[in-house]
Amino acid sequence: MSAPSSFLELRDLRIHFPTDDGLVKSVDGLSFQLERGKTLGIVGESGSGKSVTSLGILGLHKGGRAKISGEIWLDGEELVTASADHVRTLRGKKMAMIFQDPLSAMHPFYTVGAQIVEAYRIHHPVSKKVARKHAIDMLGRVGIPQPEKRVDSYPHEFSGGMRQRAMIAMALSCDPELLIADEPTTALDVTVQAQILDLMRDLQRDFNAALIVITHDLGVVAELSDDILVMYGGKGIEYGTAEDIFERPEHPYTWGLLGSMPRLDRERSERLLPIKGAPPSLINLPSGCAFHPRCVYADRTGGKSSAEVPELLESDGGHLVRCHLPHEVRRDIWENEIKVNLESS
Amino acid sequence: MNKRSALAFAAAGAALSLGLSACGGGGSETKSADGSSAAPATADAFNAGLEAVFNPSDKKGGVLKMAISEDWDSVDPGDTYYALSWNFVRIYGRSLVTYTPAPGAEGRKLSPDLAEKLGESSDGGKTWTYKLRAGLKFEDGTPITSKDVKYAVLRSMDKETLVNGPTYFNDWLDLPKDFKSVYKTPDVNTDSAIETPDDQTIIFHLKKAYGGFDNFAALPGTIPVPKDKDTGVKYREHVMASGPYKFDKVEAGKQYTLVRNEHWDPATDPIRKALPDSYEISLGVNADDLDNRILSGDLHIDLAGSGVQPAALGRVLGDPTLKARADNPTGARTWYTSIVSDVPPLDNLECRKAVIYGADRVGLQNAYGGEFAGGEIATGLLPPSIGGWKKLDLYPSGTGDVEKAKAALAACGKPDGFETIMSYRADRPKEKATAESLQQALAKVGIKLELKGYPTGDYFALYAGKPDFVKKNGIGLAVNGWGADWNDGFGFMSQIVDSRTIRESGGNYNISIKDKEIDAKIDQIFAETDVAKRDALWGEIDQRVMEQAYVLPGVWSKSVLVRPLGVTNVFVTGAFDMYDYLNLGVQ
Amino acid sequence: MVTYIIRRLIGAVLMLVIVSMVTFSIFFVVPRIAGATAEGFASRYMGRSANAEMIAVTAEKLGFNDPLPVQYGRWISGVFVGSEYDTGATIEECPAPCFGYSFIRRQPVWPDLVDRIPVTLSLASGAAVIWLLCGVATGVLSALRKGTVFDRAAMSIALAGVSLPVFFTGIVSLVIFSYGLGITAPGGSFTPFLENPVEWAYSLLLPWITLAFLYAASYARLTRAGMLETMSEDYIRTARAKGMKESRVVVRHGLRAALTPILTIFGLDLGLLLGGAVLTESTFSLKGIGDYAVQAIVTNDLPKIMGVTMVAALFVVLASLIVDLLYAVVDPRVRLG
Amino acid sequence: MTAPLDAPGKTTEVVPEAVLAGAGVKAVQGRSLGQIAWMHLKRDKVALLGAGVVILLIVIAIFAPLIVDVFGHPPNEFHQEMIDTSTMTPKGGTGISGDFLFGVEPVNGRDLFSRVVYGARISLLIAVLATMLSVVIGTVMGVMAGYFGGWVDTVISRTMDVFLAFPLLVFAMALVGVLGQFEKNLGVTGDTLRIGLLIFVIGFFNWPYIGRIIRGQTLSLREREFVDAARSLGARGPYILFREILPNLIAPILIYATLLIPTNVMFEAALSFLGVGIQAPTATWGGMISQAVKFYNVPHFMFFPGMAIFITVLAFNLFGDGLRDALDPKSSR
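As you go down the protein sequences, you meet chains A, B, C and D in turn.
Sequential numbering from 152 applies to the first sequence in the working numbering.
Sequential numbering from 76 applies to the second sequence in the working numbering.
Sequential numbering from 253 applies to the third sequence in the working numbering.
Sequential numbering from 41 applies to the fourth sequence in the working numbering.
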């Protein structure tokens with residue numbers, strides 16, 4: 152295996168969990184690249200394997216029950232085979248993570264400041280004083296008013312938005328080169344969401360870090376991402392630039408997501424093209440294309456859907472799609488069936 | 076009441092042979108005043124301490140270690156009613172007369188203590204006069220006068236303050252009506268009851284004659300108490316010693332230590348050897364641990380004197396060398412079951428008889444602890460060691476006679492038997508076992524018993540000893556037990572067969588015997604001055620009790636005592652049927 | 253925080269008042285309902301030679317005829333200002349806190365309790381140390397080694413531990429180690445700590461272990477459950493994501509959160525034990541509060557029973573108060589509410 | 041482990057929310073509680089073993105007379121012939137034989153086996169009924185406190201605190217004593233009275249433990265979506281209470297009931313051990329042990345009743361744990 156040129160590259164990553172009920176294939180052959188300063192959005196319903204992927208990159212599955220194969224290249228280092236302890240030293244310093252629901256993600260017994268200080272001092276042998284100083288201006292940078300006071304508050308004394316900012320401050324405290332944000336805004340209400348997203352965009356610019364945004368909400372990635380990876384049943388099913396995904400989406404599932412994407416001019420709950428059925432059980436995925444039971448167009452593949460697993464194939468310029476429908480057919484359906492509907496409303 | 080021993084059963088009673096000696100008139104007779112027997116035993120042997128002084132010696136010094144698993148009522152001589160206490164109190168207190176420190180029957184004979192000689196009666200036994208020895212002193216050096224004795228007796232009669240002691244003086248002394256108690260009516264003249272013409276003389280006046288008054292004079296109640304040192308019930312916290320030892324440390328419920336009382340003058344005291352330098356008494360010691368420590372020798376005396384626990388019993392009787400250290404006295408104590416003669420259908424003689432016939436007498440013996448720790452199967456209420464005892468043979472004493480019982484039931488008009496309730500003291504395993512045994516045996520003849528355990532502390536005051544409670548709850552059988560306050564018919568019987576002693580307010584020990592004929596005999600006895608005739612009458616009462624089937628006798632109690640290692644002058648006194656605590660010494 | 257403390261203090265006091273009322277009514281009102289009479293109560297305090305008139309006098313003297321509120325009032329006032337009892341020759345002072353006066357033993361209850369507290373205290377504290385160390389350690393290890401042989405073994409032993417009655421284990425160990433092998437002190441032995449610490453420890457070793465075994469077992473189970481719960485929390489994941497060493501994650505983030513609830517339970521357990529380790533004490537015939545309670549009940553000595561109940565309750569209330577305050581210190585979230 | 045039994049306070053090892061989640065599963069997946077429970081249980085061999093033993097014990101208790109008929113002698117029947125009348129201990133130490141499976145008691149030679157078997161009756165009867173009592177009171181109080189909140193909650197919660205502050209064992213002892221003396225006025229006598237008293241005392245003093253849990257559950261249930269949903273659909277209080285909340289309380293109630301039974305078995309044993317249990321000659325495990333203490337030189341006497349308690353409590357605990365794990369996805373298996 153040879154080190155890739157790109158800053159972060161996943162090659163055929165597989166993360167499987169053996170359970171009493173069978174093997175859970177949370178991530179099953181995922182590959183993508185990401186450059187510094189770029190943003191990748193990973194989109195999918197819960198259980199599509201996106202969060203597992205991010206934890207996998209951070210190496211948080213190491214030593215656990217998970218079976219991990221494939222390659223994770225970070226800045227020329229392979230992490231899957233690297234020692235757990237080495238990966239730990241990278242964690243927080245070279246790559247950091249912003250979790251959803253900061254209330255439960257921050258320790259209730261320690262002040263926000265203390266938790267940032269802790270994060271900082273793990274990787275920087277500095278005095279508490281210095282670290283505290285650092286914590287305060289980190290809080291300042293993420294836009295928390297009077298940080299020198301708030302640094303001593305406890306998480307439960309913060310508002311949701313403030314908490315998320317603090318969370319971000321903590322993640323950025325060691326200015327990581329790779330930042331993974333897992334559903335960074337789901338716990339927040341719409342207006343705060345916007346602020347947080349802006350904040351992240353700005354910060355990423357300053358820090359010039361590679362950013363992975365994980366969400367089930369296309370709206371969020373629309374705001375941030377250069378590239379977008381759509382995941383379903385542990386596999387990537389469509390990958391392309393933001394433009395590819397929003398203007399020329401080719402996977403029926405993506406269409407569904409677009410259809411269910413909230414817009415200012417629409418009621419949040421209102422769905423144009425609801426995706427019928429529930430996400431598949433990762434234990435026994437449907438045969439063939441994991442999506443076919445929910446796919447409106449499965450019948451147009453001449454039974455291939457249920458028979459064989461589709462490949463992730465390039466449709467045009469770096470735009471990859473995993474679908475049995477011929478390229479033209481997909482184009483056609485999008486142009487004539489979906490797009491019109493989306494706009495007509 | 077019965078001189079209770081702490082929790083477990085008191086071992087009162089004299090040696091096996093006394094069964095005979097009572098009729099034959101005394102056991103080993105050779106003795107000297109100080110009680111050392113002519114035939115001293117020094118070799119370990121089963122019952123070596125019954126008839127002879129084991130390991131006699133006059134060596135002074137050492138610490139005598141005593142222990143007891145529970146507390147007893149009080150160390151206040153005017154407020155105590157435990158056999159162990161009456162035995163123990165003589166170490167620090169001297170009554171007018173006391174029991175001769177000698178083995179077996181000899182130990183029941185009275186010797187003068189404070190008094191120069193035994194009481195002189197006049198006025199046909201209604202007046203009793205004692206002269207105190209010269210040179211008697213309390214532990215603080217103040218001389219002991221007859222006034223102190225009088226005060227002690229009077230105070231011991233205040234049953235609201237000193238609730239525990241016996242009531243003989245209350246019942247017999249000829250007190251003025253307006254006298255309530257030394258505390259309430261200190262100024263009332265009580266000379267009509269007790270006169271003290273001078274500091275050496277004390278004269279008791281009784282309501283009616285009683286020939287055995289010396290037995291009263293031997294009660295701890297006559298141990299002198301200086302008025303100015305009396306603190307009522309608190310006196311127990313510092314008893315003024317008149318004997319050779321005085322209290323040093325007093326921690327109620329935990330421990331007592333006694334040291335020599337330098338104001339005690341041996342010249343005034345012919346019966347006490349006062350050998351050890353001090354006594355250590357620890358209370359609340361785990362009963363099993365106590366046995367083990369006596370067996371191993373790092374403890375001397377189980378103050379309770381009631382014999383070893385079941386676990387140790389197995390060890391002692393199982394191991395010849397240990398058994399050789401054991402004594403097995405029979406007590407002047409009978410464990411029996413009252414058959415309540417006014418709770419139907421037991422108001423019918425035949426039904427009462429049926430109970431006795433049906434009972435498994437061996438089973439009862441086992442319930443009480445078997446042939447050694449329990450006692451010998453009793454055929455009457457009166458124990459063999461008491462004057463007037465004669466072997467009764469009215470009922471079979473086997474494992475129960477179903478035919479006779481059924482016949483009796485038929486005669487009673489209850490051919491299919493009946494149901495009744497049997498009470499026992501809940502926290503006394505042996506009484507529980509007794510009730511269970513009787514329940515089993517009587518079931519065979521169709522008499523169904525429901526067992527009810529009541530707390531020991533209230534057993535007589537609130538339950539079995541409270542007539543209206545007994546009637547209201549239909550208690551037909553009540554486990555009971557009685558030990559002599561002293562070894563004569565009066566000392567044993569008066570409280571348990573005289574229907575006139577029964578108080579409606581409860582606290583009675585006579586639960587079942589309400590018989591005019593018996594009451595009449597008792598009056599006869601009081602009138603009678605000749606001891607032999609009196610004894611004979613007590614025997615007749617015993618007979619009457621059994622004929623009328625007022626009680627189901629269980630056993631004449633026996634206990635297995637273990638002689639301590641390295642202790643001198645060990646012997647069982649017939650007065651308390653436990654080791655005599657007066658003259659023990661440490662080797 | 254201050255207001256919080258005050259609120260809790262008031263709560264504790266209120267609690268004690270209610271406890272005292274309930275206690276009183278159970279021992280004086282309930283029997284009345286069930287048919288006891290003033291004389292019935294009184295005769296308990298009389299010798300066997302008492303006659304009806306004397307009992308009546310005593311009933312009056314002890315105020316069993318007064319209306320119940322009055323009797324309750326008398327009892328409570330005794331606790332604060334003490335009270336006096338007529339012992340015949342002298343008037344017996346029962347100085348505050350007078351938790352009643354035993355008419356059977358003719359002693360105030362409080363001094364008795366005071367001199368029994370050391371025993372119970374020694375027993376409870378010693379055992380507490382053992383069980384806390386063993387129990388929590390085992391629990392944490394099992395949680396971290398979940399599913400391993402150690403975990404299974406430890407948990408099986410723990411389950412056995414919580415399923416054995418202490419009076420059974422107590423007697424068995426006593427028979428084996430004291431009466432059998434003679435390597436531990438016999439039942440009933442106790443040496444005050446100040447007299448001879450070594451003796452003290454030796455005499456209590458067996459009771460400690462017996463008692464601690466039971467608790468350790470249950471604490472191991474609790475700790476394990478709590479630990480597993482905590483280690484699956486998001487903030488643990490966060491801590492790991494910071495690149496923190498696992499050991500540090502466990503100790504600084506895991507344990508602290510997992511042990512907080514244990515603290516509460518521990519406090520209450522200790523409180524209850526100080527109120528008398530009834531079974532352990534009676535099994536090893538240790539003269540502690542619990543044994544005192546049993547004796548009081550056997551001899552039906554109401555003032556004792558009530559006194560000991562109150563003191564025991566006092567311990568529990570104090571314990572829970574202290575625990576609450578500690579909790580507020582440990583868990584900042586509590587301070588608000 | 042009831043608090044005052046020198047045992048850890050009735051501290052639950054289950055996180056209510058977790059259990060709730062278990063119940064929640066029902067709401068979400070529409071799978072019946074039973075199905076879920078069984079799904080997990082049948083995989084949990086240990087719990088199954090526990091359940092098996094529990095059932096066995098119940099059978100033994102019910103058919104005690106039959107069993108004793110076949111394998112033993114009437115429990116109160118004396119066998120003096122088996123006893124050495126000097127030491128009062130069984131001849132040959134224990135008296136164990138094909139005829140007397142567990143040997144005989146000292147003093148009266150009663151068949152230990154039969155007495156242990158009959159002991160199961162008292163033990164289980166009291167434990168189970170007392171538990172039911174606690175569960176009923178606890179649930180009613182808990183739900184009221186949790187559902188109505190406000191002053192109702194305050195009053196009930198304080199009441200529970202008071203209960204928890206009592207030295208339970210001492211109290212139970214005293215109460216049994218106090219009441220036991222007035223049977224005539226209570227109208228019942230003998231074992232019936234005693235059993236009744238014990239059930240009342242044990243059950244009545246244990247309810248707060250269940251009460252607290254149920255309260256917590258109800259509180260969080262009130263806030264859950266499906267309750268809101270029901271409310272938004274205009275459902276009335278009673279409907280929500282009985283159709284939405286109570287069904288979701290079944291899981292925790294089941295679990296805690298199962299875990300309370302062994303506690304009460306211990307409690308009854310303790311009371312009998314301290315002498316305030318059922319009266320002679322009825323056999324109880326605790327009572328037998330307290331007798332056996334005096335006869336520690338014949339250890340089999342304390343061994344068998346002791347083991348009986350151990351096995352019973354253990355079995356219920358195993359089953360209870362299993363049940364909890366089964367109904368509670370979050371908890372650890």
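Hint data in this document are derived by calculation from the structure and do not stem from the laboratory.
Among these hints, one or two may not hold up.
[Claimed, not checked] The calculated lysine to any residue pairs, modelled on SDA-like cross-linking and capped at a C-alpha distance of 25 Å, are: (1) A:Lys218 x C:Tyr431; (2) B:Lys309 x C:Tyr431; (3) A:Lys427 x A:Leu350; (4) B:Lys329 x C:Glu498; (5) B:Lys309 x C:Met306.
[Claimed, not checked] Just the calculated beta-carbon pair ranges, DEER-fashion: (6) D:Met172 x B:Gln618: 55 to 65 Å; (7) B:Asp133 x D:Gly133: 43 to 53 Å; (8) D:Met172 x C:Ile258: 51 to 61 Å; (9) A:Glu299 x C:Ile257: 46 to 56 Å; (10) D:Met172 x A:His237: 33 to 43 Å; (11) A:Asp163 x C:Met253: 53 to 63 Å.
In this text, a Cβ means the ideal position worked out from N, Cα and C, and glycines have one as well.
When you check the alpha-carbon spacing of Lys309 (chain B) and Tyr431 (chain C), does it fall within 25 Å?
39 Å, violated
Using the beta carbons of Asp163 (chain A) and Met253 (chain C), state whether their distance is inside 53 to 63 Å or not.
56 Å, holds
A range of 43 to 53 Å was offered for this pair. Does it hold for the Cβ distance of Asp133 (chain B) and Gly133 (chain D)?
Roughly 46 Å apart at Cβ, these two residues keep to the hinted range, so it holds.
Hint consistency between Lys309 (chain B) and Met306 (chain C) [alpha-carbon to alpha-carbon, up to 25 Å]
This hinted pair holds, its Cα atoms lying about 20 Å apart.
Against the 25 Å threshold, does the CA-CA distance of Lys427 (chain A) and Leu350 (chain A) hold or violate the hint?
35 Å, violated
Between Glu299 (chain A) and Ile257 (chain C), does the C-beta distance stay in 46 to 56 Å?
Given range 46 to 56 Å: violated, Cβ gap about 29 Å.
Assess, step by step, whether the Cα of Lys329 (chain B) is no farther than 25 Å from the Cα of Glu498 (chain C), and give holds or violated.
Not satisfied, since the Cα-Cα distance of roughly 56 Å exceeds 25 Å.
Whether the CB-CB distance between Met172 (chain D) and His237 (chain A) falls inside 33 to 43 Å:
The hint (33 to 43 Å, Cβ to Cβ) is violated, given that Met172 (chain D) and His237 (chain A) are roughly 59 Å apart.
For the hint 51 to 61 Å, verify it against the beta carbon of Met172 (chain D) and that of Ile258 (chain C).
About 41 Å separates the Cβ atoms of Met172 (chain D) and Ile258 (chain C), which means 51 to 61 Å is violated.
Holds or violated: are the alpha carbons of Lys218 (chain A) and Tyr431 (chain C) at most 25 Å from each other?
Status violated; Cα separation ~57 Å.
So the hint says 55 to 65 Å: do the beta-carbon atoms of Met172 (chain D) and Gln618 (chain B) match that?
Holds, since Met172 (chain D) and Gln618 (chain B) (Cβ atoms, about 59 Å apart) stay within the stated range.
When the structure is compared with the earlier hints, violations turn up for hints 1, 2, 3, 4, 8, 9, 10 and for no others.
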